[in-house]
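Undergrad: Protein chains in written order, with my numbering: chain A, 1 to 264; chain B, 1 to 264; chain C, 1 to 264.
All the pointers check out, no bait thrown in.
A pair counts as met if it fits within one copy or between any two copies, since identical chains are not told apart.
Below are the SDA-like pairs computed for lysine to any residue, each with C-alpha atoms no more than 20 Å apart in a straight line: (1) 153 / 182; (2) 18 / 186; (3) 153 / 134; (4) 153 / 133; (5) 88 / 103; (6) 18 / 236.
In short, the hints are calculated from the structure, not lab data. None of the values given here were measured: they were computed from a predicted structure.
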Amino acid sequence: MDYATLARESLDRVAASKPLIHQITNVVVTNDSANLTLAFGALPVMAYAPQEAAEMAGISQALVLNIGTLSVEEIEAMILAGTAAGAKGIPIVLDPVGAGATLFRTDSALRLLRELPITVLRGNRGEIGALVGSGEVRGVEATGSEDPLEVAKAAREAFGVTVAVTGPTDVIAGPERTYLVRNGTPLLGMITGSGCMATATIGIFATAGEDPAVQTALGLATYGLAAERAAMGDPGPGTFRTRLLDEVAALGATGTEGVTIAEA
Amino acid sequence: MDYATLARESLDRVAASKPLIHQITNVVVTNDSANLTLAFGALPVMAYAPQEAAEMAGISQALVLNIGTLSVEEIEAMILAGTAAGAKGIPIVLDPVGAGATLFRTDSALRLLRELPITVLRGNRGEIGALVGSGEVRGVEATGSEDPLEVAKAAREAFGVTVAVTGPTDVIAGPERTYLVRNGTPLLGMITGSGCMATATIGIFATAGEDPAVQTALGLATYGLAAERAAMGDPGPGTFRTRLLDEVAALGATGTEGVTIAEA
Amino acid sequence: MDYATLARESLDRVAASKPLIHQITNVVVTNDSANLTLAFGALPVMAYAPQEAAEMAGISQALVLNIGTLSVEEIEAMILAGTAAGAKGIPIVLDPVGAGATLFRTDSALRLLRELPITVLRGNRGEIGALVGSGEVRGVEATGSEDPLEVAKAAREAFGVTVAVTGPTDVIAGPERTYLVRNGTPLLGMITGSGCMATATIGIFATAGEDPAVQTALGLATYGLAAERAAMGDPGPGTFRTRLLDEVAALGATGTEGVTIAEA
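If we strip away everything but chain A, and leave its shape as in the complex, we get (with noise of 0.2 Å):
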């Protein structure tokens, strides 16, 4: 299977239907988020107030749920939000920021999972880990030693949605297929929001076709693509940070040759 024409074809989707996706995220990475939407063609819409968050789910594409500056009301948000999206049968994404680090978050993100048809989870080996009782992380950051194919498995399982377990190569457990991403760099663990960048892009990709595992490979394949440009050269990371976006909104014209995926 050619994954090349497969991102290409997606990218063309999204430039042609302009989906809507509606993010509900942390303060750190709302700008940073928006503008990486906007540079792969869809529209960004930022509605945090309860009033609103069941509507405005409602006439979007996709639903991004990121709890990485979590507030009581903000989960009440996204509680309306992912069951509007539910309803309507839009994919949901959620990226568990911190999960480990507090209990709090590892709460929160285990009620979304439970309460929400998540259609795929993203974070780190140590975040993941945290949500099927191993993993480590400090802050933000994973720490520990999970084998991060083992933890998107167990994830997997434990919650019957599609995992994205994200770092150096990237897992992605389906629910028939498990797929390897080896784009990126290290460059952007440099930057701030990397992570929530990548989970935005797969709630973009999840609109352009039917397998959310596929959809999610295509989508952190194609960001990683886009950061391997961006950090041609080897520049400071608020260099890399204004050209990862150059490069992505790029993406039309330079194509995705080059994007590495594999099944497991």
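Let chain A serve as the given structure and place chains B and C on it in line with the hints.
TA: Using the frame of chain A, we list chains B and C on its own:
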């Protein structure tokens, strides 16, 4: 009338008086808006708490209200700040981000228009249209085919405030005259918050002259001119966003020749 | 004493220990502060909810409190986090953004100083002055003519903490010695959050040595040195902001020769 000279005079007045611009805005654009305000030579202050909103507005030279990530508490702060601003007689600019997308946004924008002495209302044609019963939006993007000139005039009639409908051509409907501004670049649509920054610009320029419609036209034209310069060579959105700040800060040196304002 | 060597040693300690810096900061600067923390080789975690504030502080190596967009709930989180940080004995840095501009900010900053074992207080001369009954601010900018050395010493006396008053020359008043730091560039005043990032830097450096006043001086000088390098060629504020992150991340390679610290 020589608009380039008028724009230059407004810039000089801002640089000389360093007006304090109190902004209650959304979490997506707060950093960009603050940096833009500094680049124009004004002083930004972001203050959201009901406990201080009135006091902060009372020491400011303009108030900018933006409902992009509205909460119930933030509406309360906006009412307090706007009432204080009205009592002091400083200009108030309202950006009804996403009005029409959810009832919460439409109703909140209408309430602010009803309860506060708004000076200028700025939005895209979908948002402003939604406030007067036409208009079509997806999330925060205009998608319908309304005539911006009709929309601006209808809102001007309905609310009795100066109305700016921004787009490829900006329309500014004042009590006596209507202006068209043709500055700008499609790249502005590739970055989040470009509309919100236009609104902040209006707040800044409103401190530098008596006629809100003229000042709005001057502000939008000057901002659009800086954006045209930042778009030279067709950079990606990350680079464009960086250069936009550079070009706004450089306006004192590069001048305002090129602002394109006409009466409708 | 060779301050360049001491600065280098602190940087090396940070890179080796990767301290977790818990930040409860304002929405304007949260992305910049997180990226700056990563550029220094430390790990940022932004956690604001009262439900997790104490737990997050308890696993961190420093706590940074910044009242730039304060809410009543955030004060509660700060008290919880600060109490946990005090119990653990990790450094707490307080940035009283806009103290003096509103009673809510002044009173909240004074309350945090009273109830928490603050290690270092950093602000501009207007903000720190306001806390000791002098000082003049407009929004978040100092506008009066107080002598920063007098202001720093008065606050040192009043609160019994190390005080950093930043400006063209930074003054750091410790219990035994007072330091002057002359690094920096006027371009820092052209970007929002440059003071907040200075505060985050102090939190990072406070994890790398015993004497808070010395570590504060080293941190401010190193940050200022990176800013000087980013200002080479007098770029616009957008480009400067990008390069500032690049230069901080490059400090391991470019070194700390050029830090300019003297005893007062």
